[in-house]
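S.K.: Numbering (UniProt numbering), first residue to last: 1 to 324.
Hints were generated in silico from the structure; no laboratory data involved.
A hint or two may mislead.
[Unchecked claim] SDA-like cross-link-like pairs, simulated, lysine to any residue; straight-line CA separation at most 25 Å:
1) K175 <-> C190
2) K265 <-> T116
3) K207 <-> F277
4) K207 <-> T294
5) K175 <-> N104
6) K175 <-> A226
7) K316 <-> V233
8) K316 <-> T212
9) K207 <-> C190
10) K175 <-> E303
11) K175 <-> V60
12) K175 <-> T116
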Amino acid sequence: MAEFYHVRHVTRVALERRLWCTWAFSVAKQENDFRQTLVTCSSIAPPAPQVEPGTACLVVIYGTELGRRIALNAGAIECGRSMQTDIPLDDEAVSRRHARISWNGMSYVVRDLGSTNGTYVNDVSVDERALRDGDQVKIGRTIFKFIQGGNVELSYHEEIYRLMTFDGLTQVHNKRSFDVALEREVSRACRYHRHLSLVMFDIDHFKSINDTRGHLTGDAVLRQLAALASANVRRDDVLARVGGEEFALLVPEIAVEGARLVAEKLRALVERTPFRFEEGEIAVTASFGVAGITPDAPVSPMELYRRADERLYHAKKGGRNRVM
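Could you build all of it, start to finish, from the sequences and the hints given here?
M.R.: Laid out in C-alpha cells, this is it:
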C-alpha cells in the first residue's frame, strides 16, 4: 500500500510541475507579445547622402557616343530624338521628347515624358524616379550611368577605365579585354603545361528576335543571358561579349571534357530560363563550341579561338541548341 501511495504521489507531483511550466510559458509568451520591439542603431536605414546641384553627371556607357560626359546642374535637361533636345539621340526607339532629368531641390529625378518605349532605371520601367549614385538609365538603346558625389571627376575617370574593360550593355568583359586575357592564359598554360579550355557560344535565331520584337528586346535578352552565365561560372573564368550576340568563356585549368560539361550546364540553363522583357516572355536557346589546350599539345591564342569558333559553327549547322 505504501508503495502504491508513493507512485501516486510522484505522478501527481510530476503532473503539477508540468502544469506549472505550461502556465509559466503561456504568461511569458503573452508578455513577450505585448513587449515593444527595441529599435537599434543598426536597424535604422541610413539617410540618403546629401546631394548638391552641380555635383553629378551622366556618362554614356553603351551607345554611339561611348564615354560622353553630360554635366548636371540645377536646371533640367531633356533627351530625345529631336535635335532640339539637350541630348539628341539618333535612335528610332527613342521618342522625339523622351525623358527629362532635373534637380528638385534634394536630388536629381528622371521623368519619362510619355515616350513610346519607356524609360528604364536599372532595367525597371519608371515614370519618375530619384536617381542614386551608380544607377543606370536606359533610353532607347543608349545606357547612361548616373554619377554623383564629392569627387565626380575621379569617378568619371574610373568609369572610363571600366569602359575599356567591360561591355556597357552586358557588364561582362569586352572583346579588347578578352583578347588580353586569351593571350595571357594561353601563354601561362603553355609555359606551365596546364589545361585551358575555351567555350564560344551565341544566341540561336537572334536576328529573328531583333526583327520581330525589336532591338530593345534583343538588348534585354543579351543582358539577361550575360547575367545568367555570370552567375554560373567560376570567379577565375573570363566571360566576355566578343560580338553582337556572341560570347566567349575562358576556363583555366579545365580539360575539354570538363569544359563541355560546363557548356552543357549553361545550354540547359538558357533553354529552361524564361527571358522577360516588359510584359512578355521569350524562349531562348544557344549553341556552344568547345576547344582546349592540353599540356602536351600547346597552340597559339589565334588557333585556340579558331578551333572553338569552328565547333560553334558546326553546332549551328547541326541544328542549334547543342554543344560541339
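S.K.: Each hint needs a verdict: does it hold in this structure or not?
M.R.: These are the hints, each one checked on the structure:
Taking the CA atoms of K175 and C190, the gap is about 22 Å. The hint holds against a cut of 25 Å. As the CA atoms of K265 and T116 are separated by approximately 38 Å, the hinted pair breaks the 25 Å bound. This hinted pair checks out: K207 and F277 have alpha carbons roughly 17 Å apart, not beyond 25 Å. Restraint check: the Cα-Cα separation between K207 and T294 comes to about 36 Å, which exceeds 25 Å; the hinted pair is violated.
Simply put, K175 and N104 have alpha-carbon atoms about 40 Å apart, too far for the 25 Å limit, and the pair is violated. Distance hint between K175 and A226 is fulfilled; the C-alpha atoms sit about 14 Å from each other, no more than 25 Å. Pair hint K316 plus V233 holds up; C-alpha atoms about 23 Å apart against a cutoff of 25 Å. The straight-line distance between the Cα atoms of K316 and T212 is roughly 21 Å, inside the 25 Å bound, and the hint therefore holds.
Distance restraint check for K207 and C190: the Cα-Cα separation of roughly 38 Å exceeds the 25 Å cut-off, and the hinted pair is therefore not satisfied. Among the hinted pairs, K175 with E303 is consistent with the structure: their alpha-carbon atoms are about 17 Å apart, no more than 25 Å. Taking the CA atoms of K175 and V60, the gap is about 18 Å. The hint holds against a cut of 25 Å. Note on K175 and T116: the hinted pairing is violated, with a Cα-Cα distance of about 33 Å set against a maximum of 25 Å.
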